[in-house]
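Undergrad: The chain contents come next:
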Amino acid sequence: MKHILVIAEIFEEMIRPVTWELVAAARRIMDLENSGLIKIITLSDDPLSLADKIAEQTGVDVIGLKIPGCMGYDSDVYKQALSWLIKNMEPSHILTAHTSQGRDFAPGLAIRLKAASISGVNKIKSDHKGLIYSRSVLSNNQNMILRPVPGIPVVLTIMPGIFKFDAHENIKKGQMDIFEAPFDFGSDSSGSICHKRIIKKACENKVLKQADIIVSAGRGIGEKENLEKIFQFAKCFSFSAVGASRPLVDTGWIGYEHQVGITGAVVTPKLYIACGISGSSQHLAGMKDTQFVVSINSNPHAPIFRHSDFCIVEDAVEFIQAFLKCKADREY
Amino acid sequence: MKILICIKQLSDSKDISRFDAHALEEAILLKQEFENQGIDLAAVDVVTIGPLESSKIIKRAFGVGADRGYHIVTRDYEYISSFETASKLAVVAKKRSYDLILTGIMSQDLMAGQTGPMLAEMLGFPCVTNVVKTNLTLENHSIEVEQEMENGFRDCLSITLPAVLTIQAGINTPRYPTLSKMLTAGKKEIVTFNEAELFPGEAEPVRARETFVSMEYPEKTRSGHLLRGSLIDKAGELLSILQEKNLV
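In the order they appear, the protein sequences are chains D and X. Numbering-wise (the numbering used here), the first sequence opens with residue 1 and increments by one. Numbering-wise (the numbering used here), the second sequence opens with residue 1 and increments by one.
Chain D on its own, in the form it takes in the complex (with noise of 0.2 Å):
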């Protein structure tokens, strides 16, 4: 029976949540294959502990590789340190997260262990053939189906917030084996990346996170002057605060306390309104957990109407005027 080999996700010696999402996708493969395997994998100057959470968490057996001197993510540690492992296992499949880690090391992985490389899997089916993955492309707009060639192993990074992991009441907590990794990463000063420091981008977008209504601009506001009409959008309602995609924060339209989404904030509150964002994967998985959606955008294919309660296909800065004057109107 073939490996389906899960690469846990580790952050300041913290298991990453997207771990377990990473067991799922596994089992859905073993599911539809019938067959397989599957073994986690987690890197560490000093892996037993994780190992063992990841063990008794998932059940699944852990292979914690000991790797003197690695104090955290490294590319190239974990390119040489996977490699070495993976190669003897003879895997069918390699599952990593599509965050900024999987992204960073996961083609690069495939290329030495000579597999397919599908990036960003958002589902997994199978055909008459066998295994087939979708991905988003073209904006999120379509998704693009890809089979990798048969008798190669295939890296696969799995979008985040796509499969869910079940816990079972009684997980009978899966094996460990340790092993030390023959090479020393710690003494290594000739290593070709040097990591300086990690540093958090100061920012207070507490009132974000806070508010019970976000009302949110992306690029389809036009300019930057109509960004006051956003505002005054938002001060329709209590518990309000204005949100923003990642381009109108990138071109220092509006601060990064504003920016929803995979790098700023993630917010879930009872109304979320996207005045012009055409809703990409990273905004979207900064809402998707609000209770109810409202987009307004002038493109009728864009992708956060898939994704929206109630759709409004309008200019969002005519259709807010619209919406202050009926307000007006009805008040007075």
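For the record, the hints were derived by calculation from the structure and aren't laboratory data. Yeah, the Cβ is synthetic: ideal placement off N, Cα and C, and Gly gets one too. It is possible that part of the hints are untrue.
[To be verified] Derived DSS-like pairs: lysine-lysine, alpha-carbon spacing no greater than 30 Å straight-line: (1) K123/D / K245/X; (2) K245/X / K235/D; (3) K325/D / K245/X; (4) K235/D / K209/D; (5) K181/X / K270/D; (6) K125/D / K220/X.
[Said to hold, decoys possible] Here are the simulated distance ranges between beta carbons: (7) I152/D / R228/X: 45 to 53 Å; (8) G124/X / Q232/D: 50 to 58 Å; (9) L183/X / R197/D: 44 to 52 Å; (10) G124/X / N34/D: 49 to 57 Å; (11) M215/X / T251/D: 28 to 36 Å.
Following the hints, position chain X against chain D.
TA: Then chain X, alone, in the frame of chain D:
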């Protein structure tokens, strides 16, 4: 110091992919930085893969200050896997010994984000993806960069050259081509390659490791009720809906 930027033309708008425009701008900024330090040895080359009309984005790159252009000519805007793209780019990258290779974090259309890290692996270079800041040090022949992570965290790294960096949007504001540069751009030669020239003597040079099956529309996750009527009708209806729900 020689810099290569890998750029892609979008099949619909014929524009340069947004993230590649940021990579190109970052290279031009680094070149200027060199010149400011009195070191005039920076060459900025660009390479693209695409049909003949993709030379448009190479000319645009000349217009913002690129020195040389390489064009790997394909028949059409066909689907090319990241593995094939990286394999082809590697051949061109090996022709001159580049110190730094930049590309966008992903292409705007296919969004795979694999070409840069795969190219690095094929060349045996270290790679940092998702770069939001660069700082030229010249110390130990390295460059300092900041890599964006989730939740506002950034990893500050120093990476030994030669290296590959993939550039995130927001790192800079791409400039427009200047008229004077565009005029001289027309006279600059673009070196073209076809597949047979890239991989001489090989019957089947590079084979994709995953094949295209089909395209699908993503599923809806919410009901997506469409409001109808005139602008003012829709505004009134939304107001009523929100009032009913006690949200306004």
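Undergrad: Does each hint fit the structure? Answer for all of them.
TA: Against the structure, the hints:
Taking the CA atoms of K123/D and K245/X, the gap is about 34 Å. The hint is violated against a cut of 30 Å. For the given pair, K245/X sits about 17 Å from K235/D by alpha-carbon distance, which is consistent with the 30 Å threshold. Straight-line distance between C-alpha atoms of K325/D and K245/X comes to about 20 Å, which keeps the hinted pair within the 30 Å bound. Distance restraint check for K235/D and K209/D: the Cα-Cα separation of roughly 17 Å lies within the 30 Å cut-off, and the hinted pair is therefore satisfied.
Distance check on the hinted pair: K181/X and K270/D sit about 53 Å apart at the alpha-carbon level, beyond 30 Å; violated. Restraint check for K125/D and K220/X: the C-alpha separation of about 18 Å stays at or below 30 Å, so the hint holds. Our hint of 45 to 53 Å for I152/D and R228/X holds, since their Cβ atoms are close to 51 Å apart. A hinted range of 50 to 58 Å for the beta carbons of G124/X and Q232/D is consistent with their spacing of about 56 Å.
Our hint of 44 to 52 Å for L183/X and R197/D holds, since their Cβ atoms are close to 46 Å apart. The supplied range of 49 to 57 Å is broken by G124/X and N34/D, whose beta-carbon atoms lie about 40 Å from each other. Checked against the hint of 28 to 36 Å, the C-beta distance between M215/X and T251/D comes to roughly 31 Å, which is consistent with it.
Checked against the numbered hints listed earlier, the structure breaks hints 1, 5, 10; every other hint is satisfied.
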